[in-house]
Amino acid sequence: MGLKFRPVDSSFYELFAQSARHIVVGAGLLAEMLADGADREAVASRMRDAEHAADETTHAIIKQVNQTFVTPFDREDIYALASGLDDIMDMMDEAVDLILLYEPSVLPSELSNQVEVIQRCAELTAEAMPRLKSMSDLSEYWIEINRLENQGDKSFRRILASLFSGKYQPMDVLKLKDIVTSLEGAIDCFEKIANTVEQIAVKES
Amino acid sequence: MGLKFRPVDSSFYELFAQSARHIVVGAGLLAEMLADGADREAVASRMRDAEHAADETTHAIIKQVNQTFVTPFDREDIYALASGLDDIMDMMDEAVDLILLYEPSVLPSELSNQVEVIQRCAELTAEAMPRLKSMSDLSEYWIEINRLENQGDKSFRRILASLFSGKYQPMDVLKLKDIVTSLEGAIDCFEKIANTVEQIAVKES
Amino acid sequence: MGLKFRPVDSSFYELFAQSARHIVVGAGLLAEMLADGADREAVASRMRDAEHAADETTHAIIKQVNQTFVTPFDREDIYALASGLDDIMDMMDEAVDLILLYEPSVLPSELSNQVEVIQRCAELTAEAMPRLKSMSDLSEYWIEINRLENQGDKSFRRILASLFSGKYQPMDVLKLKDIVTSLEGAIDCFEKIANTVEQIAVKES
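Which chain is which? The protein sequence lines are P, H and W, in order. Residues 874 to 1078 in the working numbering are what the first sequence lists, from first letter to last. Residues 874 to 1078 in the working numbering are what the second sequence lists, from first letter to last. Residues 874 to 1078 in the working numbering are what the third sequence lists, from first letter to last.
Any given hint could be a false lead.
Note that identical chains are pooled: a pair holds if it fits in a single copy or bridges any two copies.
[Said to hold, decoys possible] Each computed DSBU-like pair below joins lysine-lysine, with the alpha-carbon atoms no more than 30 Å apart: (1) 1027 with 1040; (2) 1040 with 1076; (3) 1027 with 936; (4) 1006 with 1027; (5) 1050 with 1065; (6) 1006 with 936; (7) 1040 with 1006.
Honestly, the hints are just simulated from the structure, not real lab data. As the structure is a computational prediction, the values presented were derived from the model and not from experiment.
Using the sequences and the accompanying hints, generate a full structural model.
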């Protein structure tokens, strides 16, 4: 048994880190999608590939937890982390998809701020995942993610207010509201994950 | 005790099968609702009845799991299956409701494709539930559901693109977007259930 | 140990009661927000304070459950109650926020009916939480919440029908739909909580 435990443990941390790295890639593609003159078809198809790769990592985690007798921390927390990371990828993929499908006539620059927040959250999460093994220096991570989520939320509300201020056509409002809502959803998921990590740390302490 | 287990077990499988049969009925009513010259008031009220019947089955499952000491598989998986099946019914009911409430001036034919996918998913799920007892021949089921969900997703995105292409009035876009989103939500739930069944199978294997 | 149990137990009930009291406050602020001539900026900022206070109570419950060896009832039920109560606050906060952000040119009177339902549900929930300790007289609570949710649902559907009847501009429909949907979401959460309480009662019985 002793032989079995370590590899299982480390594989969990490695899979979480892998999952977070997929998100860093996805966040980069999201930024590309918003750039002027982007080949949206091409970026969207690379986003789909990144999303499929992320799915495989998620399935590997679920399979791992279901086949492992002793998990490094509570099963429900592992599920929460795995599905939370998966949700972020889905929402970034959705945002990219909506930009491709809706072909909005205008993309307000505020959207780029949201995407910058997403990219920063992705980096912080990718750096934090490997530290789950030692459970060390994680508080800075969840504090900073919560700060970024508050900032993102304020700018999300500013964007909504400007969308509904009357300077946009109803169709553009419809399109842009869906897009910014996907971005906001991704940011919220980063906070959920940070909260789960905080919970795990509390249990371990 | 030996006497107690079997009936309890089989009652779970019977209740899941019952729940899935309610969904087959609901999917049929959804198809009726989209048919030309349908008496929408009448179909919607039959849908409400079907939804109430499904609720009772869900409550029976929850009551069963809460009162049962030994469950055929993990409680969280039983909850996931029960609430997932319930969610499908709610989303089909919502779609029927929205068609009644919004009175869309037009129902694009693509909606029928989505409903056909839902009907096929419902049949496959109803056929699979009784097989939970033996855990046999379930992989074809979840593979086919995943295939159907991908197909449904592609056509959902095509429908959104056409809704936002400019050929519809904003009010019609608002109405139809809600309706197709409920249909898409139902299809996604079928996939969630298939994934839960796959997880259960992995644990049992 | 015996010494440890009681205080822990009662602290859970106290925290749930506290959480529900925050919701009563929030529901009152929601009503103020809809009142003619309300200082929306001021009400919204008081709502944010109430929401932060509620968050702290939620975190206290989560921390408590994570640090407690013997919980008064199943951990997943405690999580469900805590996060459900938190969701209600978030949705009321969202509704207040949207009224502030969207500045709808009109607020149909039907919205006040929804808010009255929310206020009644909040009071009933606040009265019920302390009774979790004795598990007595809870059935009237969940039956009445279910009745109120049905009533709220009917009026929600009437509001949607009127929003889409053509007498509103697309932009107003977009704004009001989001607002009434947040209210409906809050009412649904009250029902979820009532259902969770019913489940707990079944397990205890």
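Intra- versus inter-subunit Cα pairing at 30 Å for residue 1050 with residue 1065: Both: 22 Å inside a copy, 27 Å across copies.
Alpha-carbon proximity between residue 1027 and residue 1040, which holds within one copy, between copies, both or neither at 30 Å: within (20 Å within a copy, 33 Å between copies)
Alpha-carbon proximity between residue 1040 and residue 1006, which holds within one copy, between copies, both or neither at 30 Å: Result: close neither inside a copy nor across copies, 50 Å intra and 54 Å inter.
Identical-chain pair category, residue 1006 with residue 936, by Cα at 30 Å: Both ways: residue 1006 and residue 936 sit 20 Å apart in one copy and 21 Å across, limit 30 Å.
Alpha-carbon proximity context of residue 1027 and residue 936, limit 30 Å: between (38 Å within a copy, 27 Å between copies)
Intra- versus inter-copy proximity for residue 1027 and residue 1006 (alpha-carbon distance at most 30 Å): neither (33 Å within a copy, 39 Å between copies)
Within, between, both or neither: residue 1040, residue 1076 at alpha-carbon 30 Å: neither (50 Å within a copy, 55 Å between copies)
When held up to the earlier numbered hints, the structure conflicts with 2, 4 and 7 and fits the remainder.
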